[in-house]
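Engineer: Okay, here's what each chain looks like letter by letter:
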Amino acid sequence: MTRETSAHALWLINGLTLLAAVIFLSPVLYSIWMSFQTSDAYYSGGIDFTLRNYDVAVGQYNFARYLLNSVIVSGIVTLLGISFATMAAFAFARFEFRGGNLMFGAVVATLMIPSHITLIPNYLTLARAGMLDSYAGLILPAISSGFAAFFLRQYIRGIPRALDEAAYMDGATPLKVLWRVIVPISKPAIFSMALQLFIAEWNNYIWPLVAISESDLFTLQIGLARLYRVNPGEDVIDWPLVMAASTITILPVLLGFVLVERHLVRGITMGAVK
Amino acid sequence: MLRKLTPYLFVLPLLGFMAVFTYYPILQSVNLSFREWDFMSPTKPWVGLDNYRLLLTTRDFWNSLKVTAVFALISVPLRLALALAVASFLIRETAVSRISRGAIFLPAVTSTVSIAVVFSWVFSTDYGAINGFIALLGFDKVPWMQDPQLALYVIIFVNTWKQLGYDVIIYTAGLQAISMEYYDAAAVDGGRRFHVFRRVTFPLVMPTTYFLLVISVIDAFQVFTIVDVMTRGGPAGATDMIVNMLYRVGFTLFDIGTGSALAVLLFILLIALALVKARVIGRRVHYDS
Numbered sequence: 000m001t002r003e004t005s006a007h008a009l010w011l012i013n014g015l016t017l018l019a020a021v022i023f024l025s026p027v028l029y030s031i032w033m034s035f036q037t038s039d040a041y042y043s044g045g046i047d048f049t050l051r052n053y054d055v056a057v058g059q060y061n062f063a064r065y066l067l068n069s070v071i072v073s074g075i076v077t078l079l080g081i082s083f084a085t086m087a088a089f090a091f092a093r094f095e096f097r098g099g100n101l102m103f104g105a106v107v108a109t110l111m112i113p114s115h116i117t118l119i120p121n122y123l124t125l126a127r128a129g130m131l132d133s134y135a136g137l138i139l140p141a142i143s144s145g146f147a148a149f150f151l152r153q154y155i156r157g158i159p160r161a162l163d164e165a166a167y168m169d170g171a172t173p174l175k176v177l178w179r180v181i182v183p184i185s186k187p188a189i190f191s192m193a194l195q196l197f198i199a200e201w202n203n204y205i206w207p208l209v210a211i212s213e214s215d216l217f218t219l220q221i222g223l224a225r226l227y228r229v230n231p232g233e234d235v236i237d238w239p240l241v242m243a244a245s246t247i248t249i250l251p252v253l254l255g256f257v258l259v260e261r262h263l264v265r266g267i268t269m270g271a272v273k
Numbered sequence: 011m012l013r014k015l016t017p018y019l020f021v022l023p024l025l026g027f028m029a030v031f032t033y034y035p036i037l038q039s040v041n042l043s044f045r046e047w048d049f050m051s052p053t054k055p056w057v058g059l060d061n062y063r064l065l066l067t068t069r070d071f072w073n074s075l076k077v078t079a080v081f082a083l084i085s086v087p088l089r090l091a092l093a094l095a096v097a098s099f100l101i102r103e104t105a106v107s108r109i110s111r112g113a114i115f116l117p118a119v120t121s122t123v124s125i126a127v128v129f130s131w132v133f134s135t136d137y138g139a140i141n142g143f144i145a146l147l148g149f150d151k152v153p154w155m156q157d158p159q160l161a162l163y164v165i166i167f168v169n170t171w172k173q174l175g176y177d178v179i180i181y182t183a184g185l186q187a188i189s190m191e192y193y194d195a196a197a198v199d200g201g202r203r204f205h206v207f208r209r210v211t212f213p214l215v216m217p218t219t220y221f222l223l224v225i226s227v228i229d230a231f232q233v234f235t236i237v238d239v240m241t242r243g244g245p246a247g248a249t250d251m252i253v254n255m256l257y258r259v260g261f262t263l264f265d266i267g268t269g270s271a272l273a274v275l276l277f278i279l280l281i282a283l284a285l286v287k288a289r290v291i292g293r294r295v296h297y298d299s
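One line per chain: the protein sequences are E and P, in this order. Going by our numbering, the first residue of the first sequence is number 0, and it counts up by one from there. Going by our numbering, the first residue of the second sequence is number 11, and it counts up by one from there.
Chain P with its partners taken away, still in its complex shape (with noise of 0.2 Å):
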């Protein structure tokens, strides 16, 4: 009787806490997000799709959208065309080699706080490194972090900076897989250098791109903290990412509906695009066996 009991005792403290942390509250965002609250009332009362609606009409909600597609857009490919350049130039198992990668990498795993604010220092008008460059040569200051024209590409700077170590490392791991033989055959044929990139490695390491472009881009739509410590969305919304915005319609407007109909949009966003990860996955698997 024990015995059979034991696997359900040995799951039961991860799942209760997955079923009280993570599912619950997946059907309480939906049924929040039919309500109107503000945290303090004592009445919840239903108000059907009206959260969407509002949400779906207020130009907060589209120019978020816009930002955070913008910054996919550019941050994604930017990314993977960077790491693919940077693994394939360090592909070789040399000291320098690990050395160099270790430094890449060092960003990926160090607090994102702390990047930001380095960051906010880097760029800031009257006292950053970048600045001060500038002025050597003569020119005028550049409000970095205050023109609405250059704040999101300044992000995407910072991110990309602090993301590329991993995808590097996932490069390398994929480049070390393919087998020489497929450039052994391809320096035989006479093979240039760039000619044998695009025609062995590029399509041999596919599988790997396709990995990191879908993990990139599902990160793209989670970015929250490089914005809230560089630029807190501003200015004058330029930077202001989807979860920067549930973040204030939630915690400094207490619209809980509201903030929770912004969740649940993001969230199918999310579960369409990790669909879409799980059959690459599924289809790398079955490639391989």
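One chain only, chain E, in its complex shape (with noise of 0.2 Å):
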């Protein structure tokens, strides 16, 4: 084989390849642009560019309103997971103390624990606490990471004592020397953490589907698939309505995941192949 058409075996291998990525994302790219085409365009088989489906789904159908309350949920999970499991980390890894490698244990017993068992049992704690139907019903039983807390405290144990021996001297409290030494050191394995904990609860399905009736506080999600629903598998569907609506649903994780997918790839293969 020459050299030549070496190159261009690579030239086509690549084009394949590429190619190939684009077929496997299809069904993803063509469900975003059938959502801004209208229902007549898309049925004749035609091409018609609208906003009209945006339009729809948020003014009819709430979208909107969906859109900010999956912000609000997730944010918050996100900002109190990642706090409780960094100050736990944190103990956990710097501090000796009675009973904590039980509560260590404790933590890393969660890993295994599948979340399902849990959910009557909490519907009937929110339900006793008035809480369902509100944010804070779908925040709290969200909040606790073990795998955060877990993974974070690996993390810190491979950072020098001696940092927070020397911010000690200088007379810093412990919890300076979380914010001051241990935190910023840990910025990466801190964000990347808290990706996974933020797509994990936008994502989240069955819990707001058993806790939220309202539909004012319906997630994205939920919102998606109560509007798919309206008539699930009979083809009397507006589908590029509900194209719009799930469009909303992914693209802000989207847009992120273009940003951020190292970190992200970087976290999940951290956790799983050490």
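It should be emphasised that the hints constitute simulated quantities derived from the structure, not laboratory data. Note that the structure is predicted; figures quoted are calculated from it, not measured. By construction, the Cβ of each residue, glycine as well, lies at the ideal position given by its N, Cα and C atoms. Honestly, I wouldn't trust all of these hints.
[To be verified] Ranges between beta-carbon positions, derived for each pair:
| no. | chain 1 | residue 1 | chain 2 | residue 2 | range |
| --- | --- | --- | --- | --- | --- |
| 1 | P | THR67 | E | ILE22 | 29 to 37 Å |
| 2 | P | MET216 | E | ARG261 | 22 to 30 Å |
| 3 | P | PRO87 | E | SER5 | 32 to 40 Å |
Join these two chains into a complex; the hints should help.
Structural biologist: Put into structure tokens, the structure is as follows:
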């Protein structure tokens, strides 16, 4: 094989690989395209751009509100979840205290616990507290992340203790050491974990499905499932409208993904292949 | 004194929430699984093992166990084989490889509900992309999600499409951790590509395969969203996974006792699988050090 033909072959392989990647994603890409088409154009096979589907999704079906709910709930869950996990990770990594190992064991054990066993009891707990159909009801059961705590504890243990000692010498309190020394160094790990928490909560479906019946409090996932299910499986569905709602649901994570894919991949592989 | 309290204060928020929303619910599920209750009535009479007995004699339970097992048996090997093939193909750190891996990974972080909705369109009988293609070739339209013989395979396809990227990412990390020396040695021996893969790559990437195997089996037993959106367990129970049954029994039939018994059984099953995983990971850590 001459050098020239092998260069051509490489171009061909690269081209085919990228084509395969586009075909792989084509259902999602086409759903976005479809969301900008009028129903008439879609059903007759023509092309006719419009923003009407987004108008209807936001105006008639309340998707702006669902978007706001998803942002608020995922945002607060991420913020509280990562804070609590970091604080606990700091204590587990840096302090010797009675019961510490047992408590750490209890945190790690939650990694094995399937979340579905908590469904019915958490529903009852929140009903008793009068917190069903509220942001609190969506947020509270989701903020303790055993995985983030475990992962960050491993990370913090890798930071030289001399840095802490120096800060203590200067009269810093443990909280200051955490905030001024540990957190800045752990930023990449904290950021990866926060991303994973945010994505998981953004895409959470079964808990909001159980805990929310008030339509003003629907998250995007619930709103989309409801919109699609008006007539499930039948083809009287207004597909372009449904795809507009789906695009609103996907887009924030999609746009974020392009920016932070590397952090995300690193976080996931760090957790899995050590 | 305050110094001694410090670590407890740091772990308190996390452990407090875990106690209320993770550990207490386990005890509560076990407790409720021995009782009869419908969310409404003021009493919750103790019925012993009746809920378990009832569950083990209903066709619904055995059906959903069978459906979930079939789902796992097909989708797990499919995911791993495809992922290893893709990861091997895209192993070099070129721009094309990175972009392609990114494209494949994208569905793994995308909303499951959106994906289920989009594929409901892809597989829909009258306006779907696949039937449109089939009609173009002159064949009859196939009722993908209405045919009990086919619906489960549609679910498996969609789930595989969504999860593949995660497996690829993990395999890529696993493959890249294999030292080039092994390949060089195999190349010196004049190994052909497939031979090198079978004798060198495959055995060396085995720990990653074990890890993904257990993760994906555990995933398979917790599938809910795709089924809930696309088929709601139908047609005729053909896609009724364990968690879909749990949701139906607990939150549409309001049979708390039976729902809790089902949750406890699923819990025991998954803990058993998780212990296998812990042993596998334990062995790997041991192996590394």
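Engineer: Hint by hint, which ones does the structure fall short of?
Structural biologist: Of the numbered hints given earlier, the structure breaks just one, which is hint 1.
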